[in-house]
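Asker: Sequence:
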Amino acid sequence: MDAQLLHDDDVTLYGLFVEAFTRLKPLVHRDLGVPDAWFEVLLRLGRTPGHRLRMTDLAEAVSFSSGGFTRLADRMAKEGLIRRDPDPEDRRASLAALTDKGAEALDRALKAHVSQLRSHVTAPLTAEDRRHLERILRTLRDANE
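Position one of the sequence shown corresponds to residue 4 (my numbering), numbered consecutively onward.
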């Protein structure tokens, strides 16, 4: 084994990132009232102007294959959280739209989520740490699109 690579600073940095995320995810998704994947869909729709997105764009945004996302969307539509609307710009496509019931579920989930975020993510950080972390995360996201 290459000891130098095993203890490389980049490997350590990435490992810390993964460990932090792995520990934080179950904490900040606690008590949402909906499955994690549903929360991500509701959140994306809630933060989008008009509360509608093309199904393919939404699937990509929540890191699902189109087939897997179709099944997830079917379950959410059956529960009345989203609906499918025809895309007026492309009759072959459809839009996922947030329903009133979905907006209510999102509100309930966000109350728990924000409380957990404040306890587990932002409380240990200074305001300066938060600004640096946001800048770093945006840089990583944008550099790897």
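Honestly, the hints are just simulated from the structure, not real lab data.
Just so you know, even glycine gets a beta-carbon here, dropped at the ideal spot from N, CA and C.
Treat the hints with care, as some may be off.
Mimicking EDC-like on lysine to aspartate or glutamate, the simulated pairs with C-alpha atoms at most 20 angstroms apart in a straight line are [stated by the list, open to error]:
id: 1; residue 1: Lys-28; residue 2: Asp-103
id: 2; residue 1: Lys-114; residue 2: Asp-34
id: 3; residue 1: Lys-81; residue 2: Asp-39
id: 4; residue 1: Lys-104; residue 2: Asp-39
id: 5; residue 1: Lys-104; residue 2: Asp-88
id: 6; residue 1: Lys-114; residue 2: Glu-22
id: 7; residue 1: Lys-81; residue 2: Asp-103
id: 8; residue 1: Lys-28; residue 2: Glu-43
id: 9; residue 1: Lys-104; residue 2: Glu-131
id: 10; residue 1: Lys-114; residue 2: Asp-103
id: 11; residue 1: Lys-104; residue 2: Glu-43
What follows is a list of derived Cβ distance ranges for each label pair [as the list claims (entries may be wrong)]:
id: 12; residue 1: Pro-91; residue 2: Leu-128; range: 39 to 45 angstroms
id: 13; residue 1: Pro-91; residue 2: Arg-121; range: 36 to 42 angstroms
id: 14; residue 1: Arg-74; residue 2: Gln-7; range: 42 to 48 angstroms
id: 15; residue 1: Asp-12; residue 2: Thr-125; range: 42 to 48 angstroms
id: 16; residue 1: His-123; residue 2: His-10; range: 24 to 30 angstroms
id: 17; residue 1: Asp-93; residue 2: Leu-128; range: 40 to 46 angstroms
id: 18; residue 1: Thr-73; residue 2: Glu-137; range: 32 to 38 angstroms
id: 19; residue 1: Asp-12; residue 2: Arg-57; range: 28 to 34 angstroms
id: 20; residue 1: Lys-114; residue 2: Gln-7; range: 46 to 52 angstroms
id: 21; residue 1: Arg-26; residue 2: Pro-52; range: 29 to 35 angstroms
id: 22; residue 1: Leu-30; residue 2: Arg-57; range: 20 to 26 angstroms
id: 23; residue 1: Asp-93; residue 2: Pro-52; range: 43 to 49 angstroms
Asker: Would you pick out the hints that fail for this structure and give their numbers low to high?
Answerer: Going through the list in order, the structure violates hints 1, 6, 9, 15, 19, 22, 23 and respects the others.
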